[in-house]
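When you read off a place in the sequence shown, starting at 1, and then add 1447, the result is the number in our numbering.
I should point out that these hints are in silico values taken from the structure, not numbers from a laboratory. Cβ coordinates follow ideal geometry from the N, Cα and C atoms, glycine included. Hints are not guaranteed to be accurate.
Stated by the list, open to error - Quick list of the computed label-pair ranges, beta carbon to beta carbon:
#1 Gln1558 with Val1520: 39 to 47 Å
#2 Thr1585 with Phe1476: 32 to 40 Å
#3 Trp1456 with Val1506: 17 to 25 Å
#4 Gly1584 with Leu1502: 51 to 59 Å
#5 Thr1586 with Ile1514: 40 to 48 Å
#6 Trp1498 with Leu1468: 21 to 29 Å
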Amino acid sequence: MSGFVLTPWVWLVAAAILAGLEIVTPGAFMIWLAGASVVSALIGALFAPAWETQLMLFVVLAVVSVICGRLWVGRRPPVTHEPGLNRRSDRMVGAVVVVVDAISGGAGRVQVGDSPWPCTGPDLPVGAKARVVRVEGTTLVVDQAVSASG
């Protein structure tokens, strides 16, 4: 294969294909390979190394870019305007709920949305309102809600 040539255009087409694959596949992986292809195209255009050298350079750049990319992406917390988005229990703290199974002896059940949850707290009759003060596993810890009259 003495006539085989890797031009910068080959690397740019590879970068475009890899970037396109990033769009249709999840995982933020192909974009780093696309970046390595772009850098390989630049080096190929500036220095015109042999195709073997270009391939080795691409492999090294690909490994380095994937490792650096994973470290960079892994350090950033997800950006959201709802900090409790995937932590339903955190979102329940402070909610006013209705007792559906009387809390007696410190244990009962309260209604949260469309499902009853086990709870612990002061003795309260069915229909009483309680406020969630914290969550312990799948059990809500409640306290008597302050009534509107006082």
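Going down the list of hints, with the structure as the test:
1. Gln1558 with Val1520: 39 to 47 Å: Holds: the Cβ-Cβ distance is about 40 Å, inside 39 to 47 Å.
2. Thr1585 with Phe1476: 32 to 40 Å: holds, 36 Å
3. Trp1456 with Val1506: 17 to 25 Å: holds, 20 Å
4. Gly1584 with Leu1502: 51 to 59 Å: holds, 54 Å
5. Thr1586 with Ile1514: 40 to 48 Å: holds, 43 Å
6. Trp1498 with Leu1468: 21 to 29 Å: holds, 23 Å
In summary, the structure agrees with every hint in the numbered list given earlier.
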